[in-house]
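Fit chain B with the ligands to the given chain A structure using the hints.
One line per chain: the protein sequences are A and B, in this order.
Once you know that position 69 of the first sequence is 69 in the numbering used here, the rest is easy, because the numbers rise by one and skip nothing.
Once you know that position 26 of the second sequence is 26 in the numbering used here, the rest is easy, because the numbers rise by one and skip nothing.
Do not take every clue at face value.
Keeping only pairs whose Cα atoms sit at most 25 Å apart, straight-line, the calculated PhoX-like set for lysine-lysine is [to be verified]:
#: 1; chain 1: A; residue 1: Lys230; chain 2: B; residue 2: Lys53
#: 2; chain 1: B; residue 1: Lys53; chain 2: A; residue 2: Lys328
#: 3; chain 1: A; residue 1: Lys320; chain 2: A; residue 2: Lys270
Partner residues aside, some chain B positions facing chain A, computed with beta carbon under 7 Å [to be verified]:
#: 4; residue: Cys10
#: 5; residue: Gly11
#: 6; residue: Glu12
#: 7; residue: Ala14
#: 8; residue: Gly15
#: 9; residue: Val16
#: 10; residue: Pro18
#: 11; residue: Val24
#: 12; residue: Glu26
#: 13; residue: Ile30
#: 14; residue: Asn34
Treat the hints as calculated values from the structure; they're not laboratory data.
Note that beta-carbon positions come from the ideal geometry of N, C-alpha and C, so glycine has one too.
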Amino acid sequence: MSIETDILVIGAGPAGSSAAKHAALNGAKVLMIDKKSEIGTPKRCAEGVSKEGLKTLGIEPSSRWIAKELTGVKFISPNGTSVWLNEERVKLPEAGYILERKIFDKHMAMNAARAGVEIMVKTIATGLKRSEEGIIVSAECMDQSFDIHTKIVIAADGPESRVGRWAGLKTTLKPKDMESCAQFEMARVEMDDPNSIEFYFGSVAPGGYAWIFPKGDDIANVGLGIITTKTDKTAYEHLLEFVSNCPSTQNAQPVELNIGGDPVGGMLKKLVTDNLVIVGDAASQVSPLTGGGIISAMKGGVFAGEVTAAAIEEGNYSQKRLQEYQDKCEVEMVKTFKKELKVKNYLLNLSDEELDSIADAFKNTEFERISTKEIIKVLVKVSPKALLKLGKLF
Amino acid sequence: MKVNEWCMYCGECAGVCPRSLIEVRESCLIFNENECKDCRICIQVCPVQALSKEE
Ligand SMILES: Cc1cc2nc3c(=O)[nH]c(=O)nc-3n(C[C@H](O)[C@H](O)[C@H](O)COP(=O)(O)OP(=O)(O)OC[C@H]3O[C@@H](n4cnc5c(N)ncnc54)[C@H](O)[C@@H]3O)c2cc1C
Ligand code: SF4
Ligand code: SF4
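One chain only, chain A, in its complex shape:
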């Protein structure tokens, strides 16, 4: 058996479905494959997105895939001091939602199908070679092995990302650029405010942070991400410790365990080659500071879909033609990611005591009234050396 298409999208996560939909809407014949038997399951995500992000993508929020609307955010230092920003204290344009990713991902794939995309589930890409017309991808579905002949491949294969490597792109990540994450979805979580997300900093999660993202009045994703070069314990061991020490989870019970890698080193340098582009986690299109990648994966997907469809129409699938995709991603993401990397490195340089002093200094602050100068004053007092590394951010 062999299949022919204009564009083959490998991976049906947010990046793949977004790319496939926009390529089809722009006139290309698109096939999207995913190795999973159920798109979106298991989830590897804390499910937080910003309202602004969905709005920019033109996605109407739907009660089918929104678990919770958020109105606040709380930062908790190692000794438990919290800085709480909610709509009463500060304008939060970045307030957001907690999704039901298992439904959201399926919903996005369904939208791609409605745009004309053909979808194959339980279908894995196992290799790739070049041909005169484009690329031949070897694939397997159940007991069938077959070739897919395509002019362009969109590699949306997530953090494990091997497709780009087959085409010669450097997508392998160093352990320092991959957060190792573990999370429980839990019931009986006791939160001060079930509409606020909580971030816990310091040695609780070396190289990353721990989170409690509420999904219902007593339901939450409780998880953390660590950099494994900074600790001898696994993410799961850190999670067990966090859950047993955190006041909010003393009576909480898990109903689900999620694990996975989050590529937080900043967007990869090269995203295109002849006949192929990489998108989403495969391209490290993830906020280095928060580890959030749903919105940026989908933005990357829009660009990838539009540019590849235009390339198909023009009959030019060269790296030079596809470079437009990379250029768009750079404008949209790279500057912000670079700033975020600086802030993250600053935070990671602080000791637990320094984080406690910052939280203490800001705990009663009226953020709408405080000036940048005053914020810097506090940070200088806490750690001038670390602040230097932040450079010109404000």
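This is chain B with the ligands only, laid out in the frame that chain A set:
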């Protein structure tokens, strides 16, 4: 490489293998053992310590 029963096929190990030797299927992991340089990066990053080296 020994893949323990509690592997959850998240793919993090595959993302960091410098030689791209790990294929993650929906519910199995395939290693190309012949090319493995024993760097153990895959073992180090696994969130649940599901990999161990068969000595
Ligand atoms: C614990 C954790 C918490 C997170 N929390 C958040 C959060 O709160 N907010 C946020 O915005 N982001 C979060 N992220 C990041 C977010 O989940 C990802 O950035 C997002 O899923 C990226 O989408 P994607 O489409 O690029 O990749 P994925 O969603 O990983 O999709 C890739 C798809 O490719 C398929 N695939 C892989 N290889 C093949 C192959 N060879 N053949 C066929 N199919 C293949 C996979 O089955 C998968 O369905 C979190 C990540 C982790 C690990
Ligand atoms: S990182 Fe661990 S749990 Fe994830 S696929 Fe690899 S061995 Fe399995
Ligand atoms: S030990 Fe190193 S080379 Fe071998 S599979 Fe693991 S990461 Fe790859």
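Hint check:
no.: 1; hint: Lys230/A x Lys53/B; verdict: 22 Å, holds
no.: 2; hint: Lys53/B x Lys328/A; verdict: 43 Å, violated
no.: 3; hint: Lys320/A x Lys270/A; verdict: 12 Å, holds
no.: 4; hint: Cys10; verdict: 4 Å, holds
no.: 5; hint: Gly11; verdict: 3 Å, holds
no.: 6; hint: Glu12; verdict: 3 Å, holds
no.: 7; hint: Ala14; verdict: 4 Å, holds
no.: 8; hint: Gly15; verdict: 5 Å, holds
no.: 9; hint: Val16; verdict: 5 Å, holds
no.: 10; hint: Pro18; verdict: 6 Å, holds
no.: 11; hint: Val24; verdict: 5 Å, holds
no.: 12; hint: Glu26; verdict: 6 Å, holds
no.: 13; hint: Ile30; verdict: 9 Å, violated
no.: 14; hint: Asn34; verdict: 16 Å, violated
Comparing the model with each earlier hint shows violations of hints 2, 13, 14; every other hint is respected.
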